[in-house]
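Q: Here is what each chain is made of, one letter per residue.
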Amino acid sequence: MVNDNKSDTLIQKYTVCANDFASAGAASASVKKTLKQLGFSPDFIRRTSIAMYEGEINMVIHGGGGIAEAEIAENYVKITLTDEGPGIADIDLAMREGFSTASESVRELGFGAGMGLPNIKKQADEINLSSEVGVGTTLVISLFSGA
Amino acid sequence: MTTKKLEKELGLQRLSGNVDKDIESCYISDMLSRVLGGCQSGDVWITVQTSLNMVAVAIMTEAACVIFPEGLSAPDNVVEKADEEGLTIFSSKETAFSLATKIAALLK
Ligand SMILES: Nc1ncnc2c1ncn2[C@@H]1O[C@H](COP(=O)(O)OP(=O)(O)OP(=O)(O)O)[C@@H](O)[C@H]1O
Ligand SMILES: [Mg+2]
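First to last, the sequence lines map onto chains L and R. In terms of the working numbering, the first sequence has 137 at position 137, counting the first letter as 1, and numbering is strictly consecutive. In terms of the working numbering, the second sequence has 242 at position 95, counting the first letter as 1, and numbering is strictly consecutive.
With the rest of the complex left out, here is chain L (with noise of 0.2 Å):
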């Protein structure tokens, strides 16, 4: 993890590493306790680490692993996740409740099920998903806390 403090906003970014299950979620799980920690409050932080999980899972499993940056303001956070894998040919399959191309081995860890970027979007107040066939995938989520 890296800090790059700016005044007012904290930039948190991590490596997102390929294929590896037993760490993946490490940057969700270190974004979630940062929050905890500037007293965010509970509905916020948790419709905030679910988001960033799913997208972070997805670089896991398809994205071959990519960069996650959280950027955490007073007011807000926003996740970007940037991936240089595969791409989305469709994205609004790829958005539909169901749709997965997820391989046996990796439903038979739990996933696959389709429901991952829809979630992102339930749980997020704004979501951007860009890609390129060939060069890769990001993916902006974007929380507002209150007030």
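What you were told as hints is all true, and nothing was included just to trick you.
List of simulated lysine-lysine pairs, DSSO-like, C-alpha gap at most 30 Å:
1. LYS121(L) to LYS13(L)
2. LYS228(R) to LYS33(L)
3. LYS155(R) to LYS249(R)
4. LYS13(L) to LYS228(R)
5. LYS152(R) to LYS33(L)
6. LYS151(R) to LYS240(R)
7. LYS240(R) to LYS228(R)
8. LYS228(R) to LYS122(L)
9. LYS228(R) to LYS78(L)
10. LYS228(R) to LYS121(L)
11. LYS121(L) to LYS33(L)
12. LYS33(L) to LYS151(R)
13. LYS152(R) to LYS36(L)
14. LYS36(L) to LYS151(R)
15. LYS13(L) to LYS122(L)
16. LYS36(L) to LYS228(R)
If you are wondering where the hints come from, they were derived from the structure by calculation, not from laboratory data. Remember, predicted model here, so these are calculated numbers, not experimental data.
Fit chain R with the ligands to the known structure of chain L by using the hints.
A: Okay, now just chain R with the ligands, sitting in the frame of chain L:
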């Protein structure tokens, strides 16, 4: 209802964790993204998913505890991780259905 009371009432075997937590309801699924979307904070999560990712999902959803049905146990590294994170995992010889009906009765 709390996790310690549940342990006694259902005769559960504790595999990890020792923090007593309040129980709101119960959720059953083994597909992790379904759980991440459906399991609510304070739920007892019944699952046969005994991998490290199960621990992460239980933490993210703020489940009150996890119960493995049908006598399932967890690998040592999973128990260690759960202890580290303060996650209570129980095991029971009973089926998910039997556990759920008993939990429902206790929550009435
Ligand atoms: N970072 C990524 N790179 C390439 N493809 C991706 C990426 N993220 C998602 N996808 C594609 O979008 C599909 C749907 O993703 P989603 O997270 O909704 O479901 P899943 O990961 O297959 O299953 P689940 O999340 O329920 O475990 C994936 O199966 C995959 O084809
Ligand atoms: Mg997914």
